[in-house]
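For this one, chain L is given, so just place chains H and X on it according to the hints.
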Amino acid sequence: MEQMLMVRQEFWGWLIAGYLFLGGTAGLVVPISYYYYRRDGNKVLGAAGGLLAFIAMVAGLALLLLDLGRPQNVLALFTSPRLNLTSWMTIGTYIISAYTIVAGVYAAGFLSWLRIPVFRMMGFLRRLIGPTGILASVLGVSTALYTGFLLAAARGVEFWNQPLMPVLFLASALSCGLCAYCAIVAPILFKVKSREFLEAAVKIRLELQRLDTYTLGFELILLFAMIDIALGGTPAQRESASLLVAGDLAPIFWVGVILVGIIIPMMIMFGYTLRRHEESAKIVLVSAVAGWLVLIGSLLLRYAILSAGIIPAPLL
Amino acid sequence: MPLRLTRREFIKATLAAATATAVSGASVKTFLLKEKQVLEQAGKPKDQVRYFVCRICGGGCVLKGYVNSEGVLYKIEGDPKDWVSHGTPCVKGKTSHLILYDPDRLRKPLKRTNPDRGFERGPNGEVLGVKDPGWTEVSWDEALDAIAEKIVEAVKTWGPQSIVFIGHGRGKALASLIGTPNVVKHHTTCHSTWDVTLKPMYGGIPNADMANSKLIVSFGFDQGAGKSKNPFPWMFAEAKRRGAELIVFEPRLSETANKATEWIPIKPGTDLAVLLAILHTIIYNDMYDEEFTIRYTNGPILVDKEKMTYIKDSNGNLLVYDEAIGGVVPLQSAKSPALEWEGEIGGQQVATAFKLIKERVKDYTPEWAEQVSGVPADKIREVAWKLANVKPASIPHWKRSGGTGPNRSQGVESYKVIGIIMAITGNVERAGGWLFMRNAKFISKAISKKAKKSFSEIYPIPDEYKGKTVDEREKFPVYSKHAKEGVYQKVWYNILNDHPYPVKVVIVWGQGLQAFPDYDLVEAAIRHVVEDNNGIVVNVNIYPDEMAALSDYVLPETTFLEGSPTIGFSKSFDLTYRIHWADRIPPIYPEPKSEKWITRELAYRIGEKLGIPRETLESEYFPEYFLISGEEAIQKMLEEYNKKLGTSVTLEQLQKEKVITQPFKPKDLTKLKTPSGRIEILPTELSENGYDPLPKWRDSYTYTMLGEDEFVLVTSVFSMNRHSKTVNNVWLRKFLEKHHADKVWIHPARARRLGIGEGDVIIIESVRAFDPNRIVHMPKFKLKANVHVTEAVMPDVIFVPHGTGQLSKFMSSYAFGPLGGDSVIKPVLLNYEDPSASSADQDVIVRVVRIGG
Amino acid sequence: MVRYGFVIDLRSCIGCGACVAACSEENTPQLKTISPDAEVPLGGRRDIIIVEKGLFPAIARIPLHHTCMHCEDAPCTHVCPTGATFKTEDGIVLIDYALCIGCKYCVEACPYNARYVNEALGGPDKCTMCVHRVRKGLRPACETACPTGSIIWGDLDDPNSEASRKAARAIPIGAQLGTKPKVFVIPPA
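Chains as they are written, first to last, in the working numbering: chain L, 1 to 316; chain H, 1001 to 1853; chain X, 2001 to 2189.
Isolated chain L, as found in the complex:
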């Protein structure tokens, strides 16, 4: 006569969703930028990626700090005599701190090429682009993965304890990272008309967006697989999945996550941007819109998953 109490988790909300989202997005930005730097020697993309990752990580950390109920003790994360190195919270903190710093150094290396005196002085950092790029890439992927593991290891919420959760978060992080370029980097650079960028822009945009469509497709499959597993899983998982599919989170899930975050961007990319082999203000704008939709969808995805968390407390 098992009895359980299903409690909706309400402690992690928008702040943590934003934190996970920023962590995921930033996590894949540096690896992408480093890839293009190594392949094409594209410094602009390198600089933009590093800078974007750095800003996003700082913002993410700020959100995490804001969510902490006892920020006065935050240093305990580093100084506690009983530091728990097996907690994903600790591991994550270290990874993201390291990533933030390394991404910052990585970005600074690129920025030193700018004809601005302050950055000029950091010329010595150029030599570090190689090692920091590799390190930041590793840390970045770890950051993205960690956001999934953080949830997957929270034993109370069975819906999060799915093995596909880290995979989903990684996939979503990849699509976010790809879209961050179209959504943020491309419009800015188009405005400043960076020659170096424009040359490669078309090629890179096509590559990024093509990869993004695959990722989004993969994400969609993952998402439904997870929902399907959950619907056939424990009562709490069933409950969580039904909250997403038919409960109070259904509008966010179907419209926000699936339609706005995946279907519409894919339609835009397949139907328009992927067919345009030139770069114009219109294309950049449409690409940016698609990118932003993916980013919004990813944020909503994280919020929906957090919000659908249910702790099934056994009582008898």
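It is possible that part of the hints are untrue.
Calculated lysine-lysine pairs in the BS3-like style (CA-CA distance at most 30 Å, straight line) [as the list claims (entries may be wrong)]:
1) X/Lys2032 <-> H/Lys1734
2) H/Lys1665 <-> H/Lys1081
3) H/Lys1307 <-> H/Lys1475
4) X/Lys2136 <-> H/Lys1738
5) H/Lys1081 <-> X/Lys2166
6) H/Lys1214 <-> H/Lys1267
7) H/Lys1734 <-> X/Lys2053
8) H/Lys1738 <-> X/Lys2166
9) H/Lys1609 <-> H/Lys1596
10) H/Lys1452 <-> H/Lys1475
11) H/Lys1229 <-> X/Lys2053
12) H/Lys1738 <-> X/Lys2053
13) H/Lys1453 <-> H/Lys1484
14) H/Lys1081 <-> H/Lys1609
15) X/Lys2053 <-> H/Lys1267
16) H/Lys1386 <-> X/Lys2053
17) H/Lys1081 <-> X/Lys2136
18) X/Lys2053 <-> H/Lys1214
19) H/Lys1391 <-> X/Lys2166
20) H/Lys1656 <-> H/Lys1636
21) H/Lys1046 <-> X/Lys2136
22) X/Lys2180 <-> H/Lys1738
23) H/Lys1267 <-> H/Lys1484
24) H/Lys1046 <-> X/Lys2032
25) X/Lys2136 <-> H/Lys1658
26) H/Lys1199 <-> H/Lys1445
27) X/Lys2136 <-> H/Lys1656
28) X/Lys2032 <-> H/Lys1229
29) X/Lys2053 <-> H/Lys1379
30) X/Lys2166 <-> H/Lys1214
These aren't lab readings, by the way, just hints derived from the structure by calculation.
Model, not experiment: these values are computed from the prediction.
Below, chains H and X without anything else, positioned relative to chain L:
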């Protein structure tokens, strides 16, 4: 599905590397260090310990309160030396400090300015609330002067009888000073049935020593886990732990039934049929304890077959038929009295009392009872067999029980049968059976509440009203002899009808409105007193509740936790007399006053207006109660205690030990306070007064058919609530909510047919009573409530929790539960043939209409 | 070794809530010494939930207890980044607010949902097994408050303690979770 990996294994695998280095780093020393820090963080509050005696129910548990450095009473525990609570007061007493600091509490005397008083009505005739009285704060002087003025006016013009006190006997001393006979208490809605059955049969009230019972058979007794006079829950739990069998007959899965070994659903109002069949089975199968019945009951004593009164010889001796001699001899000289004999003495047809009982229950077979009650005959036989053979066994009982109390038309008859069964199975005054309830209440008599001289000597009761009470209690001689309590349910009806005389002043003292049936009647009666008789209605209260909002003046009282040190005593089942010391704390607000202060101040003012100087009042009129208080009073009560029990308890000793226990000897069952000195299984006191002493089933006192939308009303109180005293306690309300005590309960099968779902809003109205002859007044108001659809009630029954549904908007508990509670729709029921004057207000059929989701 | 735990006897528990009230009364002053505004809300650290089970007339209303299990293998201690949540030698799971950063990970990690977030503290709060009383030789407030004696606290490793004797016949709550909980239930008859 291929994707369905087991998630825990996956997580484990991904964490494996990390886990290897885990935990090991933690040494025990660090743990202890951390714990020390936690303890230091927590600190050590410096508390003062204060003792109290709980007055939420009549149980009187010792409360051990903790007062912090800011003087706040924040925590209450029990005292293991206290038998009543066994060191664990119930949740009501435990959280009673919330009453003390309740933001809704009255702090100043209030006077109403809105002349339009009464209830707000909804479109369906339901009660929605009490109209705003437009209170203004007044000084004690103004309030008391105005009340004294009215009392004096009433005394001078209509006589002292036109002043009525309603409540738990509060203001009694003032009533005696004024000389009014009208102090009305709640017994007829509570336990008047035992006053007219157990007292004539046993000369006292025995009750079940459940903790030691091996078998407990309950007929609607919901104190085990519900209602919860505190000794009962732990006795009940203790019995369960010791492996006792608990069988509960009840139409609803009450709190007690829920914890029983077996719950036997029974058609409401038919417990008597099952009881009679059990008695039939025990007698006709010779399963009774013959020796006990002959030695300690009046079973063998000869009575007149017609009148059912004792036959006595010329010396006034009771007679028995001696089988050894083969003739009738005086009781005291009989060797082997016959239990069953009938014959003729001097032309009178006589028989033994037992024989008459046997004849009376002849036709009440289990098969008959099955037809009436729906309980299978074999089940009845089984219970009868167990009751006769499992020892010790007990049938617990208390007021307002679903089956036996005054809330049932046949409650008196049920009590008679229970009294007989317990006696003839030999389960009286033995551990685990019935023990006489005793308490050290006698010490309170050390300080008389009766005035030395009454104002009625100056302004007497008019001749035509002499010997008459406002509630006509004189029409119930046996009840009035054993309980000077009055006929509660009829009081407002009589006031409204100026019967037997008009009333000018009504003082409702510490009694919630929900205690009265039939709200539209109460409303009309209060209006009549004020508007037609130019009188006033005064309420002494701690809350601005419904009753307060209907009154002219509201006087704030202190809670039982505040005041000077006092002494407490409690009922006990462990053969000891107990007294408790209560420190109490000083009143937390300056204005609320004690009962004694209010009555005495009123007395001074009345005396002054009647032209009696203070000194004369104090020396010639005042009861001792007005003059003695504090340690002097305690000292006097202790003297009484020591005198009666031959002890030498001192004030200091009591103050130090807090609880003093004095064992007493079991009662001699041949020297009881009954006419024969024995247990009277045929209570001749009833026959002497013209009542039938033997149990009898009346078909007309039950119901047969229910309409599609009709239900039998069943009410009870949950263990976390005691009506108006606790319903404003926010914590208790949270617990009540968990138990669905804020909703009315309907069985799913019936609910479905009426289209009612969980949480739907319904309107309930009374349509008829089981016994139409009882109806004095049918309520016009209807009850609005939310529904809980549950399998825990019989389909015939609607359960309306009592004590929730506050109507005053000045209370945070406003509208928690059915609006106004069951009392709104309870009719005024009274039968002059029923010796107990009981209200039988659960034998009511109601109609239900769904009005919203 | 001493290993403290609870046995809850649902045969006699009437679901009155005295334990819940006692918990709040007892522990609020303790929390106030950490944060002056903090209090243990009613039902915060321990609560009762009434469940109706069965069909008429074989129906029971079961009062279930919702509180910390003081698991031997406690998930909360595994996820706490700073070690603020820790286990004492005798198996009581406690929170050290000098280390707690308020990340609420432990709240999400507890499969019994035994933790709640205390707004005034900004961090999690949970049953401490009244450790401040236990260290003084007293017993936890909930046990002391139970009018029917349905909560039994004691050393589960001491074969003579009432708790260990009762635990032998009781079932651990949610044993299937594998965290080795130390709160046992004797199911209603």
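A quick look at each hint next to the structure:
no., hint, in the structure
1, X/Lys2032 <-> H/Lys1734, "holds, 23 Å"
2, H/Lys1665 <-> H/Lys1081, "holds, 20 Å"
3, H/Lys1307 <-> H/Lys1475, "holds, 20 Å"
4, X/Lys2136 <-> H/Lys1738, "violated, 34 Å"
5, H/Lys1081 <-> X/Lys2166, "holds, 25 Å"
6, H/Lys1214 <-> H/Lys1267, "holds, 26 Å"
7, H/Lys1734 <-> X/Lys2053, "holds, 21 Å"
8, H/Lys1738 <-> X/Lys2166, "holds, 28 Å"
9, H/Lys1609 <-> H/Lys1596, "holds, 20 Å"
10, H/Lys1452 <-> H/Lys1475, "holds, 28 Å"
11, H/Lys1229 <-> X/Lys2053, "holds, 27 Å"
12, H/Lys1738 <-> X/Lys2053, "holds, 15 Å"
13, H/Lys1453 <-> H/Lys1484, "holds, 20 Å"
14, H/Lys1081 <-> H/Lys1609, "violated, 50 Å"
15, X/Lys2053 <-> H/Lys1267, "holds, 22 Å"
16, H/Lys1386 <-> X/Lys2053, "holds, 29 Å"
17, H/Lys1081 <-> X/Lys2136, "holds, 21 Å"
18, X/Lys2053 <-> H/Lys1214, "holds, 28 Å"
19, H/Lys1391 <-> X/Lys2166, "holds, 27 Å"
20, H/Lys1656 <-> H/Lys1636, "holds, 18 Å"
21, H/Lys1046 <-> X/Lys2136, "holds, 15 Å"
22, X/Lys2180 <-> H/Lys1738, "holds, 29 Å"
23, H/Lys1267 <-> H/Lys1484, "violated, 33 Å"
24, H/Lys1046 <-> X/Lys2032, "holds, 13 Å"
25, X/Lys2136 <-> H/Lys1658, "holds, 23 Å"
26, H/Lys1199 <-> H/Lys1445, "holds, 21 Å"
27, X/Lys2136 <-> H/Lys1656, "holds, 24 Å"
28, X/Lys2032 <-> H/Lys1229, "violated, 34 Å"
29, X/Lys2053 <-> H/Lys1379, "holds, 24 Å"
30, X/Lys2166 <-> H/Lys1214, "holds, 21 Å"
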